[in-house]
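Take the sequences, apply the hints, and build the full model.
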Amino acid sequence: MSSCRNKTGVDGNALKQVLASAIGQFSQHIEVINEMNVFPVPDGDTGINMYHTLQRAYSEISDLDSSDVAEVSRRFAYGALMGARGNSGTILSQLLKGFAEQLGTAEALDTSQFALACKRAVQFAYEAVTSPVEGTILTVAREATETLELHAGDDLALPKALTILVRAAQASLRRTPELLPILKESGVVDSGALGLVLFLEGLASGDGKLDSPEKAESPVAAGSGVAMDSSRDASYGYDVQFLMLGKDLNIAQIRQDLEPVGWSLLVVGDHSTVKVHIHVDNPALPIDYAVQSGAILDDIVIENMELQFRRRPWQETSSAAPPKHQTAEAYGVIAVAPGDGLRAVFEDLGCEAVIRGGQGRNPSVEDFLVAIDRVNASSVFILPNNRNIIMTARQAAESADERRVDVLPTTSVVQGISALIALRSFEDSGEDSGEDGGGDLDSAIGEMRAAAQQVCSIEITQATRDSHLGGLAIGCGDFLATSDGQILVAGATIEASVSDALAKVLKAEHELVTLYYGDGIQEREAKKLIERLSFTYSELEFDLVFGGQELYPYLIGLE
Amino acid sequence: MTFKRIRVAADSVCDLPVEIVRKLDIRIIPTYVNIGDQSIPDDGAALDRQAFYRQLPSMRVQPTTSAPSPGEAEAFYQEMLNDGAEKIVSIHVPDRLSGVLNTMRLGARAVDAERVALVDSLQLTFGIGFQVWVAAELAVEGASLPDILEAIERVRQHTEVYAIIDTMQYLQRSGRVSSLVAGIGTLLKIKPIVRVADGDISSLARSRTWSRAEAKLKALTQDQAPLDRLAILHIDNRLGAERFLDSIREIAPQETHIIEVCPTLGAHIGPGSIGVATLNQDWRN
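One line per chain: the protein sequences are A and B, in this order.
188 is the number of the first residue of the first sequence in our numbering; add one for each residue after it.
740 is the number of the first residue of the second sequence in our numbering; add one for each residue after it.
Mixed in with the good hints, there may be bad ones.
To be verified - Here are the computed lysine-lysine pairs in the DSSO-like style, where the Cα-Cα straight-line distance is at most 30 angstroms:
{"hint": "1", "chain 1": "B", "residue 1": "Lys762", "chain 2": "B", "residue 2": "Lys826"}
{"hint": "2", "chain 1": "A", "residue 1": "Lys434", "chain 2": "A", "residue 2": "Lys371"}
{"hint": "3", "chain 1": "A", "residue 1": "Lys715", "chain 2": "B", "residue 2": "Lys928"}
{"hint": "4", "chain 1": "A", "residue 1": "Lys691", "chain 2": "A", "residue 2": "Lys714"}
{"hint": "5", "chain 1": "A", "residue 1": "Lys694", "chain 2": "B", "residue 2": "Lys957"}
{"hint": "6", "chain 1": "B", "residue 1": "Lys928", "chain 2": "A", "residue 2": "Lys714"}
{"hint": "7", "chain 1": "A", "residue 1": "Lys691", "chain 2": "B", "residue 2": "Lys762"}
{"hint": "8", "chain 1": "B", "residue 1": "Lys928", "chain 2": "B", "residue 2": "Lys955"}
{"hint": "9", "chain 1": "A", "residue 1": "Lys715", "chain 2": "A", "residue 2": "Lys691"}
{"hint": "10", "chain 1": "A", "residue 1": "Lys715", "chain 2": "A", "residue 2": "Lys694"}
{"hint": "11", "chain 1": "A", "residue 1": "Lys347", "chain 2": "A", "residue 2": "Lys306"}
{"hint": "12", "chain 1": "A", "residue 1": "Lys694", "chain 2": "B", "residue 2": "Lys955"}
{"hint": "13", "chain 1": "B", "residue 1": "Lys928", "chain 2": "A", "residue 2": "Lys694"}
{"hint": "14", "chain 1": "B", "residue 1": "Lys928", "chain 2": "B", "residue 2": "Lys957"}
{"hint": "15", "chain 1": "A", "residue 1": "Lys694", "chain 2": "A", "residue 2": "Lys714"}
As the list claims (entries may be wrong) - FRET-style restraints, in silico, Cβ to Cβ:
{"hint": "16", "chain 1": "B", "residue 1": "Asp859", "chain 2": "A", "residue 2": "Gly433", "range": "43 to 51 angstroms"}
{"hint": "17", "chain 1": "B", "residue 1": "Asp859", "chain 2": "A", "residue 2": "Glu333", "range": "29 to 37 angstroms"}
{"hint": "18", "chain 1": "B", "residue 1": "Ala849", "chain 2": "A", "residue 2": "Arg711", "range": "36 to 44 angstroms"}
Derived by calculation from the structure, the hints in this document are not laboratory data.
Note that CB positions come from ideal geometry on N, CA and C, so glycine has one too.
Structure below.
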């Protein structure tokens, strides 16, 4: 390979190297892109999809030694088209195809061709999408290109033009949440748009290679960053980038010196300009090093990756009251639950308010009245979930405002959960469509009552003293299994007590046993118990859920 | 004299058995299942279904699925046209749930958009399969394009697809049907009985126990009789599917198939589930 950049622009081999470097850098950000997910679940795949698309694209040119920039571009685009995965990958492939088409037969790429090709790329991508959505990769591509167009008459060098494009893309990316409400709601930017920006950043930071091809890293070496990142799950640290300007800069030396400072290190450039990109725990270290070396620093960017990670929506815990709806629902549900786990179960099942309470900690009428007031619905169902709380709930219902408040006499959280699932199922069936009349409320109550009756609940607790009850000799510290206010069995161990209690109440129609484990029980312990129970009761299905309740190691539902 | 001027194409999510595909010369383009670094075509051959479903619960990273690439779509149509198809009716997984239609559209445009009639089936698995099957039968008989498209519409109107989702774990992780999983977090063993219609999945009821869910599925299926065709669907639960078929034997038509759902769909739903796709006899009227 000879000079890769000459007066007429960038040639094919130089473009190939820049692409290799950009893809290598992109690979280090796959997880970050994946995590930009509007759904509160760790299932994002935009990063991996775009990476696959780029990898497949590169496979078309990896063995190519061509100075023809149009050929490299065309084959890269072809590879992207063949390998496109996911929406963002597909749009990326269309951008690349449009870009390549515009280059036509040009042998070298100069700034004006680059600008025209970007413009065509955007047009092509917009045409490829049935109904383009703004606030996505398309918007970022378009706005970046529009900004570049404003500089059409400036006679810029290609790297400068690329920098302008990248800056504009970054700015556009930050605006995506304003254009797409779901992004704003989730507190993220669009993942595909982020992917595009990172790819462009990779192209821009690889442009130093255009002057020193012999120092370019192989794509394989540059692409190995994923494992490095994923091995560091404990800390996300800072993403530090800067340019070092000077004379006789030694890339190999800089790389060697910075290697121990952090991870995902990238040092590219030439003797007068070196771009450093590194992930570190302490951002002062690489900057300090660069200053000490005598180089002039420029374009310093420090980002806190830890915060970016923490800002992921599913890690936010919002304790604020739910927003008042514009129009009140037909009904809302209040449940009483001991323990954070059980509270989460009721909330997940759509309870408007969960009052903390249970055995030994009974809520007051006022607690109920406050909860009723918070429910923005024309009528209210209360699930007291304990026989000692039903009365209080009824009193609250009588003294509540004009709204209809119904108390379902559930005597255990297990019954309450069954009743709530039945209510949701009743809603699914669509039988409540149409009017919100009293008849519908009565049918809903009927469903809930029936479901509560169908489930059998067992509570496991520890005896606090010796006693004789119901013909059973109970020692202090024994584990008691009670059901419906009756003591079923007493055993020396939790396992014995649970197992004997199941044997006592088990009926032919029972198929599912749910164990809600309390705050004194380790998950590991609970899993072991389930393993052993499954062995004894092989025909039953077991489900383990964190309840977090005090005093009761296990609350058990049998249905 | 020309034979089979119109040819029928579909993606692998239609779940049609290979005998029907071969007999009626239907062309199937595979979707992809991505496991780690691998992207495997879901063509019934490259990926061992049973092994896949057995491993699914213990996979550390949930597999993802993806549409064919636009380039593959283009090559797929080009081959059909080269083989003598004058027009292609191409029936696919709903736009709302997948990117397949979009890439097929790009592929069609690259060859000759005029010659490819793209159909959003608004259905899944054998719900798509019925449309493809009937379209291909008519194409073989030499029916016109409008007649075929009209028949597809009638089939769609007389199709119901119901399923019991054994655990919400996979749908929740997949994130594709956010309405259905909204609020599911702690109690994953809620079995919704779902209906596929209008390109979406909605819940008809929820149950914590299998027997209650199955009773509901049975009632829903019986409501669809008299049946022209029936598919019992399952994901790694052939025994459950056979047992269910026994319980509705009296309404099962001649054309009854037991179908294991493709991994492209199954990866989002998870093993254990069973379902039905019904085609009521009235579609012919």
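Legend entry - Unmet hints by their number, sorted upward, for this structure: Numbers 2, 7, 16 and 18, in rising order.
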